[in-house]
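Asker: Chain by chain, the residues:
There are 2 protein chains.
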Amino acid sequence: MIRESGMAEVQSIGAGATNQAIKAVAIARSYLHEEGIDIVCVPSFIDVAIDEEERTAIRLLIERR
Amino acid sequence: MIRESGMAEVQSIGAGATNQAIKAVAIARSYLHEEGIDIVCVPSFIDVAIDEEERTAIRLLIERR
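Order-wise, the sequence lines are chains U and R.
Using the working numbering, you'd call the opening residue of the first sequence number 1 and step up by one each time.
Using the working numbering, you'd call the opening residue of the second sequence number 1 and step up by one each time.
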């Protein structure tokens, strides 16, 4: 996704999911680095409705630097 | 720290700590944004020795964009 559009987005709810997401970014970062692509991530909070309940998720925007 | 040196670093071990760290970045990001400062984070893996045991930590480098 980063290679094609230069951007990706991941949303996670809960510590386990957020941890997995940030690890995925670290892994992607290392192999994209080999191709000369440098990515950074921009974390923010986002409210999402799940089963009519409001939850706060972490939104990770991944962008080329 | 970001205001003074333009850079900060956080290391975390475990899902809970990493989740806290990324939430801290999201919070810092929102108030620095009000001052016109845009920060991004660069996650990577790092091996650290704790009690002579090797552990893999997540290293979050926080930089001004």
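Certain hints may be false.
Subject to a maximum C-alpha distance of 25 Å in a straight line, what follows is the list of computed DMTMM-like cross-link-like pairs (lysine to aspartate or glutamate) [to be verified]:
| hint | chain 1 | residue 1 | chain 2 | residue 2 |
| --- | --- | --- | --- | --- |
| 1 | U | Lys-23 | R | Glu-4 |
| 2 | R | Lys-23 | U | Asp-47 |
| 3 | U | Lys-23 | R | Glu-54 |
| 4 | U | Lys-23 | U | Glu-35 |
| 5 | U | Lys-23 | U | Asp-47 |
| 6 | R | Lys-23 | R | Glu-52 |
| 7 | R | Lys-23 | R | Glu-9 |
| 8 | U | Lys-23 | R | Glu-34 |
| 9 | U | Lys-23 | R | Glu-9 |
By construction, these hints were calculated from the structure, which means they are not laboratory data.
Asker: Give a verdict on every hint.
Answerer: The hints, checked one at a time:
With a C-alpha separation of about 28 Å, the suggested pairing of Lys-23(U) with Glu-4(R) is violated against the 25 Å cut-off. Straight-line distance between C-alpha atoms of Lys-23(R) and Asp-47(U) comes to about 14 Å, which keeps the hinted pair within the 25 Å bound. For a cut-off of 25 Å, the pair hint linking Lys-23(U) to Glu-54(R) stands: about 18 Å separates their Cα positions. Pair hint Lys-23(U) plus Glu-35(U) holds up; C-alpha atoms about 19 Å apart against a cutoff of 25 Å.
At roughly 22 Å between alpha-carbon atoms, Lys-23(U) and Asp-47(U) fall within 25 Å of each other, so this suggested pair holds. Taken as a hint, the Lys-23(R) and Glu-52(R) pair is broken in the structure, with Cα atoms around 30 Å apart against an allowance of 25 Å. Taken as a hint, the Lys-23(R) and Glu-9(R) pair is honoured in the structure, with Cα atoms around 14 Å apart against an allowance of 25 Å. A distance of roughly 29 Å separates the Cα atoms of Lys-23(U) and Glu-34(R); the hinted pair therefore is violated under the 25 Å criterion.
With a CA separation close to 16 Å, the supplied pair Lys-23(U) and Glu-9(R) stays within the 25 Å bound.
Hint compliance for this structure: hints 1, 6, 8 are broken, all remaining hints hold.
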